[in-house]
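K.L.:
Below, each chain spelled out in residue letters.
There are 2 protein chains.
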Amino acid sequence: MISLAELQRRIDCGDLSPDAALAQSLAEIDAQEKAIGAFVCRSENPRAAGRGPLRGIAVGIKDIIDTAELPTEMGSPIYKNFRPRADAAVVMMLKQAGATIIGKTTTTPFAANDPTTTLNPRNHAHTPGGSSSGSAAAVAAGMIPLALGTQTGGSVIRPASFCGIAAIKPSYRLLPTVGVKCFSWTLDTVGLFAAGVKDLAYGLSAMTNRPELLPSATVAVPRIGLITQEFAGAPEAAGGEALRIAAAAAERAGASVRPLKLPDVVAEAWRIQPVIQEFEAHQAFAWEYRENYDAMPPLLRGRLDESVGLTPDEYDQARAVAMRARAALAETFAEVDVLLTFSAPGAAPKGLASTGDPRFNRLWTLMGTPCVNIPAYVAEGGLPVGVQVIADYGNDAKALAAACFVEEALKS
Amino acid sequence: MISLAELQRRIDCGDLSPDAALAQSLAEIDAQEKAIGAFVCRSENPRAAGRGPLRGIAVGIKDIIDTAELPTEMGSPIYKNFRPRADAAVVMMLKQAGATIIGKTTTTPFAANDPTTTLNPRNHAHTPGGSSSGSAAAVAAGMIPLALGTQTGGSVIRPASFCGIAAIKPSYRLLPTVGVKCFSWTLDTVGLFAAGVKDLAYGLSAMTNRPELLPSATVAVPRIGLITQEFAGAPEAAGGEALRIAAAAAERAGASVRPLKLPDVVAEAWRIQPVIQEFEAHQAFAWEYRENYDAMPPLLRGRLDESVGLTPDEYDQARAVAMRARAALAETFAEVDVLLTFSAPGAAPKGLASTGDPRFNRLWTLMGTPCVNIPAYVAEGGLPVGVQVIADYGNDAKALAAACFVEEALKS
Numbered sequence: 066m067i068s069l070a071e072l073q074r075r076i077d078c079g080d081l082s083p084d085a086a087l088a089q090s091l092a093e094i095d096a097q098e099k100a101i102g103a104f105v106c107r108s109e110n111p112r113a114a115g116r117g118p119l120r121g122i123a124v125g126i127k128d129i130i131d132t133a134e135l136p137t138e139m140g141s142p143i144y145k146n147f148r149p150r151a152d153a154a155v156v157m158m159l160k161q162a163g164a165t166i167i168g169k170t171t172t173t174p175f176a177a178n179d180p181t182t183t184l185n186p187r188n189h190a191h192t193p194g195g196s197s198s199g200s201a202a203a204v205a206a207g208m209i210p211l212a213l214g215t216q217t218g219g220s221v222i223r224p225a226s227f228c229g230i231a232a233i234k235p236s237y238r239l240l241p242t243v244g245v246k247c248f249s250w251t252l253d254t255v256g257l258f259a260a261g262v263k264d265l266a267y268g269l270s271a272m273t274n275r276p277e278l279l280p281s282a283t284v285a286v287p288r289i290g291l292i293t294q295e296f297a298g299a300p301e302a303a304g305g306e307a308l309r310i311a312a313a314a315a316e317r318a319g320a321s322v323r324p325l326k327l328p329d330v331v332a333e334a335w336r337i338q339p340v341i342q343e344f345e346a347h348q349a350f351a352w353e354y355r356e357n358y359d360a361m362p363p364l365l366r367g368r369l370d371e372s373v374g375l376t377p378d379e380y381d382q383a384r385a386v387a388m389r390a391r392a393a394l395a396e397t398f399a400e401v402d403v404l405l406t407f408s409a410p411g412a413a414p415k416g417l418a419s420t421g422d423p424r425f426n427r428l429w430t431l432m433g434t435p436c437v438n439i440p441a442y443v444a445e446g447g448l449p450v451g452v453q454v455i456a457d458y459g460n461d462a463k464a465l466a467a468a469c470f471v472e473e474a475l476k477s
Numbered sequence: 066m067i068s069l070a071e072l073q074r075r076i077d078c079g080d081l082s083p084d085a086a087l088a089q090s091l092a093e094i095d096a097q098e099k100a101i102g103a104f105v106c107r108s109e110n111p112r113a114a115g116r117g118p119l120r121g122i123a124v125g126i127k128d129i130i131d132t133a134e135l136p137t138e139m140g141s142p143i144y145k146n147f148r149p150r151a152d153a154a155v156v157m158m159l160k161q162a163g164a165t166i167i168g169k170t171t172t173t174p175f176a177a178n179d180p181t182t183t184l185n186p187r188n189h190a191h192t193p194g195g196s197s198s199g200s201a202a203a204v205a206a207g208m209i210p211l212a213l214g215t216q217t218g219g220s221v222i223r224p225a226s227f228c229g230i231a232a233i234k235p236s237y238r239l240l241p242t243v244g245v246k247c248f249s250w251t252l253d254t255v256g257l258f259a260a261g262v263k264d265l266a267y268g269l270s271a272m273t274n275r276p277e278l279l280p281s282a283t284v285a286v287p288r289i290g291l292i293t294q295e296f297a298g299a300p301e302a303a304g305g306e307a308l309r310i311a312a313a314a315a316e317r318a319g320a321s322v323r324p325l326k327l328p329d330v331v332a333e334a335w336r337i338q339p340v341i342q343e344f345e346a347h348q349a350f351a352w353e354y355r356e357n358y359d360a361m362p363p364l365l366r367g368r369l370d371e372s373v374g375l376t377p378d379e380y381d382q383a384r385a386v387a388m389r390a391r392a393a394l395a396e397t398f399a400e401v402d403v404l405l406t407f408s409a410p411g412a413a414p415k416g417l418a419s420t421g422d423p424r425f426n427r428l429w430t431l432m433g434t435p436c437v438n439i440p441a442y443v444a445e446g447g448l449p450v451g452v453q454v455i456a457d458y459g460n461d462a463k464a465l466a467a468a469c470f471v472e473e474a475l476k477s
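Heads up: the sequence lines are chains A and B, in that order. Just so you know, the first sequence maps onto residues 66 to 477 in the working numbering. Just so you know, the second sequence maps onto residues 66 to 477 in the working numbering.
Everything labelled a hint here was simulated from the structure, so no lab data went into it. Heads up, the beta-carbon is just placed ideally off N, CA and C, and yes, glycines get one too. Please note that a few of the clues may not be correct.
[Said to hold, decoys possible] A short list of chain A residues far from chain B (calculated; beta carbon distances all over 12 Å):
1) R74
2) R116
3) T293
4) A332
5) E371
6) T376
[Said to hold, decoys possible] Using C-beta positions, here's what the derived DEER-type ranges look like:
7) B/A399 <-> A/P328: 20 to 30 Å
8) A/S419 <-> B/D370: 27 to 37 Å
9) B/R75 <-> A/A385: 51 to 61 Å
10) B/R389 <-> A/P328: 21 to 31 Å
11) A/P276 <-> B/N274: 45 to 55 Å
12) B/G374 <-> A/S281: 37 to 47 Å
13) A/E316 <-> B/R148: 39 to 49 Å
14) B/Q161 <-> A/A395: 32 to 42 Å
15) B/E306 <-> A/K145: 57 to 67 Å
16) A/S281 <-> B/K145: 42 to 52 Å
17) B/G79 <-> A/A395: 54 to 64 Å
18) A/R238 <-> B/G374: 17 to 27 Å
19) B/I310 <-> A/L279: 37 to 47 Å
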């Protein structure tokens, strides 16, 4: 894989030109894209910027995120050849930091769960996960150092886990969703994929002008709460193994790790997350669902068919649960710095029929807390399995620092 | 003006056909649009739906709200001939309720403060206010019974006050902003304009499928807190007179009315509202500002120029103040049902150079509370001046019911 931090270091010290850094990504895309199928379209004549912390960094943009210079097709024939007028806010953040938009990456239609044809670079017989399939696969294949995805249920952390790369779903609205196709305004969150945790930190810091996100010279030893989300069911063997290995490594490296039970209202929030997601989806996709029913992706259409009777009252009650759960979860963080839990039930499922199960992700999207995936274990078939480090809402710096600690611990 | 409730009543009892109701609006538009200039474009061959609570109701849509069948130009040459692929969520809500989209109404460019050429129907020498200029003017002129606008500072309540009509800025996100051009995601709120408060209630209830918003047969007598927002400066004579008249009328009708002072942190929230608005505007308009600087509307561009140095830290601090202020304000509502305060400093300013001052509105947009404008006084030159009734976040039904009470009280 291509490390953003390493590229940046070499460019900063004059060892590598931004043009050469970009050329490396272009060569890798030429070499690998045909086998993986991570891109929907590519920029014509991409150029490296002369300045900015992300000069020379090629970035892939999930194709539900608006770009003024490339079509934005949402993975659906309903948006064939659609050209937004403007770049999404996150695309402009990248450009202002000097990054080069290299192309649009594949997305499941409307970032739901109907699969794409993108292959998992670790094992071509398996899904890369979704909905940010192309972004995760392009980074995992070493084609690009940075990609943007979005998460409404588990669409950033899950594919990162399946593809064996780092990813962050930042705190709710740390990155704006202006110009991002909406699924659920309470949940949709833009996230980053990169080779390692430091790479994420450099990317997110450059996009947001927040130096506090950069890795510090000395990594603090975190107090870790181990969470098994028993309300979401048991993990597969590989998922359990990944969490066991990550917890043991963190403990060996000096961290305090102790099992923690989440308050009941937080488990209740996990249960009502689909109510909020589907109620808002009915409004967000009203035009597509009502006026283009036949062209809708079948799995998403089926979910909308099933939830057509949801009432405003059920939605209001679900939102009230979410509010109480956020407050209860915040109190949990008085005792620990971060939580450690499963990124996915196990390794990537075989075939492309399913993008996997978001059941260990959806609570955290609803809570709005920052989540960082770290690869922790390699299962049969060379398939990676990750764990996620979760900090309190607004403490993205702490999530990145603790994820860095666990990532280092897993190396030794 | 055309009363939505009255049209609905006549259609329901078979006294009027939906087609005839629609034809009335079309005839009024033909008669008056040339003088007022409330529309950017109009639907070709609009038809009345055969069913739905809003069948026969012609609705104007502010031109920063996406429509699949009409261009959406944001009041700016940067979006000339722009055709979104989908209808905004609120447009689909109207369609599903049976309403007919009759056209797009004028908006100040990007819903900021550079004026449109729309005239105030009450006095053509004055501004109708903004940014939802065309929506307020079209309803006030009696062209249409319902129109959609948006408010980030004071863009719904202020033009309603200047034009002498009813309007509601509902609780934050009661109406989704999916497909609405973003200015500030923390603030942007879709609102409704209509002839009277009952008309708003029928419109909003039909859009949201929330029967609790409908007027009840017996109107409860509200406990009213009188708020002068002294932190925002003094009103003009006409603004003060409108509030005095409305408070006296409510008291005569049996309501308890007592002056209330807002907690200090709420005044502080008023002060930091521009920090949140401008910081988010820099991200929301990044493409327009960075890549189309010369074509940007001068007043908005000037505001962005001035606020270019705002830091993430200032933004985070402002958001923390807003959070504390929302909690403090919620406690205030333990003592009263609603608040009553100025909708604008005074009557509509003369000429079209300024759309007026949102200083008595911006706090409430940040608090996310439902606000309803009611005309309360007519100043020199036939210029109306309104007051706003404000309920606690989520209590839109209470805001509408209390506004109904004050509206009735003002009639007797």
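K.L.:
Which numbered hints turn out to be false for this structure?
P.N.:
Checked against the structure, the hints that fail are numbers 6, 8, 9, 12, 13 and 19, while the rest are satisfied.
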